[in-house]
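Chains as they are written, first to last, in this note's numbering: chain A, 1 to 455; chain B, 1001 to 1455.
Please note that a few of the clues may not be correct.
Claimed, not checked - Simulated pairs of lysine to aspartate or glutamate, EDC-like, Cα-Cα distance not exceeding 20 Å: (1) Lys367/A / Glu1454/B; (2) Lys199/A / Asp1383/B; (3) Lys1031/B / Glu1072/B.
None of these hints come from the bench; they were simulated from the model.
2 protein chains.
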Amino acid sequence: MQVIEEVLSRIVPSPEEEARLREVEKELIAKIDAEASRHDRRLYARLLGSASRGTWLRHQKDLDVFVFFPEEYSKQEMERIITRIAERVLRQVEKRYAEHPYVRGVFMGYDVEVVPCYAIPEPKYLKSAVDRTPFHNDYVRKRISGKENEVRLLKQFLKGIGCYGAEARVEGFSGYLCELLVIKFGSFLHVLQAAKQWKRGEVLSLRGDVDVKAVRRKFSSPLVFIDPVDENRNVAAALSLQKFSEFVHASKEFLEEPKLEFFFPRERQVRREEIEELLWRRGTHLLALSFPTPEVVEDILYPQLRKARRFFEALLREGEFGVVGSTFHVGKRSYLFFELSSAEIPAVRLHLGPKVNSLHEPRFLRKYAQAGNVLSRPFIIGDRWAVYLRRRHTRAEELLGDFIAEGRLRERGVPSHIARALEAGGEVLSGDACLVEEALPSLAEYLDPRFPWER
Amino acid sequence: MQVIEEVLSRIVPSPEEEARLREVEKELIAKIDAEASRHDRRLYARLLGSASRGTWLRHQKDLDVFVFFPEEYSKQEMERIITRIAERVLRQVEKRYAEHPYVRGVFMGYDVEVVPCYAIPEPKYLKSAVDRTPFHNDYVRKRISGKENEVRLLKQFLKGIGCYGAEARVEGFSGYLCELLVIKFGSFLHVLQAAKQWKRGEVLSLRGDVDVKAVRRKFSSPLVFIDPVDENRNVAAALSLQKFSEFVHASKEFLEEPKLEFFFPRERQVRREEIEELLWRRGTHLLALSFPTPEVVEDILYPQLRKARRFFEALLREGEFGVVGSTFHVGKRSYLFFELSSAEIPAVRLHLGPKVNSLHEPRFLRKYAQAGNVLSRPFIIGDRWAVYLRRRHTRAEELLGDFIAEGRLRERGVPSHIARALEAGGEVLSGDACLVEEALPSLAEYLDPRFPWER
C-alpha cells in the first residue's frame, strides 16, 4: 500500500540513528553499571522499553534504564541510590514519582529515565508494577523480531488519531499494547482489520483458553488484553471508552480509504472569529474558570481537571443553570469551559414545603412569613405548602465567583491541586472574555469536533 | 361568637323571604303537577334541594323541581314531557344536559330547574344519579331540623374561602355534603374543629361500622363521606386535594382568629403595574394562548381547560422551554398562561445516535453528513455517535404559533372545545401583551397567591 510505504519512509529510524542509539546505550549502561556496583556489586542496569525492543519511532530519543536490586532493599534505599547514580551520570536530573519513585535526566542528547526495580525470578513475585517491565521486555523481544516496523506503523497511526499513550492525558494505547496487538494479529493492517469489528467488552489474549465472561466480570474496560506475563492484569486498563471507539472507527475509515492524514493529521487552524460564529449559531453562552496550571505531573493533573469539570458542571446544574456541555484546556493557564443555555436565569423559584396540617407546617409558615428572600406569601399546592423564593444567584458568573470567594474549595469537593490554583489565582470569565487565544483549539474541538484525519 | 352572629344576620332569609318562597313553591308545584297529569296521571312533582330542606342562603332564588316518572318511561320520553311542561309553566326555558337532560327556566322571579327522575322505592334500584336526590332530601329533612342555620354558616364559610360547590369550576363541597357534615358533627364550629385535624384520606360516615382501609381502597379522594343513602357512593368525590387542603387550613385559621373576612372576603384589586412589578421581580417571561371562550357548560369547559393547560405545558417542556408554572382565565375570551424561564432558548441541541460500529451507524452518518439542520459533523461521545443539531423552535411563541397553524389540534391531543376555539380564533400573546385587563385577577392569583381572608 502506497500510503504505508510513505509512512514507513518517515517513521523508521535511519541506520545512522540506530547505530548512534546503540552507541549511547552501551556507554550509558556501562556508566550506570559502574556507579551501581560501587553501592552493591549485585546491582546491575539494563535498557528496557521501545529502544531495547527496536520499536521506537524515528527521532524519538528516550531511553528507559532499569536498575535491578535484590529484594531486601527498601524503596527509600533504592530511591536514594538511583538518585546518586543519576546525579553522577546524567545532566538536568529531576526526581519523579508515579506509583514508584524514578529519576529523569539527559545523557548525550537522549532523555533518560532511571527506574529502580527488584530482580525477581518470575512476575508472580512482583512488588510493584515496574517489576513487570523486564518480563514484558523479554516477552516482546522474543516475538517481535522482523515486525518492528508493523509496531511503528500502529504507534504512528494511534498518534495521528490522538489515541497513543496510556497516560491520563490521553487514556489511549500504550506502546506495550501496540506490540502485543502486532504479535497477536501479525501486522499493522491485520490489527486494523480486527479492530474495525471490535465492540465494547472485546477480550483479547495470547493464550488459547479464555473464559470471556469471567474476564469481563473481572475487568470492566472497553478492551481487555490479558497480559501474557500476568493473567491478572489487563494491558488495556487505561484505555477510555472514548479512545477505544475512536480507534475502532478510525480503523474502519482507514481501511475504506487509506490516507496519510491518519498518520500525520493537519494541524487545525482556529481563528477567533470562527469560534464567535460557532457560538452565535448555537445561541449559547460561554463561561470559564481560569487558573494557573498546577505544577504536577500530567497523570495527576488530568484526572483532577476531569473531576473538577464534573464538579462545577454539577454545581451549575444545582443552581439550575442549563449546562449544554463543557470542556477544558491546559496551557500556560488552565481553563474549565462551560457552555450554558443562558448567562442568566429567573429570580423566582418555587420552594415546596411540608404537607398542610403536618408537624413541620408551623415552622415553615413562620420562616417564610417574613424571610428576606420571599417573592410571595406561603400558599397551598395540592396538599403541600409552597412559596416563591428569590434565587441567590441568577447569573452563572456570580455563582462561580461567590463559590470561589467563599474558599475552602478542597473541603467542598474540588480536587486538591485545582482547588489550590483557583484560590491562588482563579478567575471567572464570561462570554467573549472566554475566547482566550491559547485555548481556541480546545474550544473549536468542543464546539465543532473533527476527527484528526478529516480536518 | 360575635362574628357568627354578624354572619347569620346577613345570610339567614327573612320571614318575608321564606313566606314568599313557600307561596311560589306551592303555585309552581301545583302548575307542574297539573301539566304533568295531562300526560300521565301517575306523574307528580316535588320540590327538592336546599329550598325544600330550609338550608338556602338569603337572596338565593333557586328551586329544584323533580318530576317523578314510572320506570317504563325512556329518557327520551321524559325529556320530551318535561320540556313541554316547562314551556307551559316557565319563562326563558332552556334545555341543559348533565349526566341526564333537564330544563331551566324562570318562575315568578325564581330560577327553576325541572329534573325528570324515576319513582323508585329504594336507592338500590336507581337508574341514574338524579334518582338518588329524593332520598337525599328525605334523609336530610328528617335530621336537619333546627340546624338549618349551621348549614348556612358552613355554606357561606366555604363560599368565602372559595371552596363551595361540587361543580368542575370549583371542585369543592356540595350543599348536600355541608348538610351531612352538620348532621355528623352537630354544628358549624364542630365541623371546623373536626376539619382542622383532617389529613388526606379522611373517612367519614353516619353509620357506626366503617372499615377505613377498605373504604380508602375503594375511593381515592382526599375526603370520603359515605353517602348514608348509598354506601357505594362518596359524597365528597368531586372535592379536589387543593380545596380539601384549603378548607382544612381555613378551619384552623378561623378557629384561631375568627374574622368576618372568611365569610365575606374583600375583592382583590389588581392594577396592571402590580403584575408588571411581580413579573419583573421574578425575572420570567409570560406567554398566553387566547381564544374565544367555548360555549359549553362549565362542567365540560373547566376540565378541558385544565387538560389543555397540561397539554401545552408538556408541549413547551418537550420543546425544552423552562416552564415555571401555568394558570388559566375564563372571561369573554379564555386564556392559558405559561410562565417561562425565558422566551428564547439556544439553537443548539445535542442529538445522541447509535453506538459506534452498530447496525444503525451507516444510516446515522449518512443522514447527518448533509442534513439541513446540523450544527456540526457527527462525532463520538463514549461509544455513541452524536451530532449538534439546530432546534426548530428557539422562541416559545413560535412553537405555539406553529403548532396551532398546523391544525388538527383535536387529533394531536388538545381537548375538543379548546381545539375548535383555538382553530377558530386562537392567538399567541407574549410578554406585556399577556397583561389583558380581564385576566389580571387570575394572573395576580397565580403570581402572588393570597388566601381570600388575607387579601
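Results for each hint:
1. Lys367/A / Glu1454/B: 18 Å, holds
2. Lys199/A / Asp1383/B: Given pair lysine 199/A, aspartate 1383/B holds - Cα atoms ~9 Å apart, limit 20 Å.
3. Lys1031/B / Glu1072/B: Given pair lysine 1031/B, glutamate 1072/B is violated - Cα atoms ~24 Å apart, limit 20 Å.
In this structure, the one hint that does not hold is number 3.
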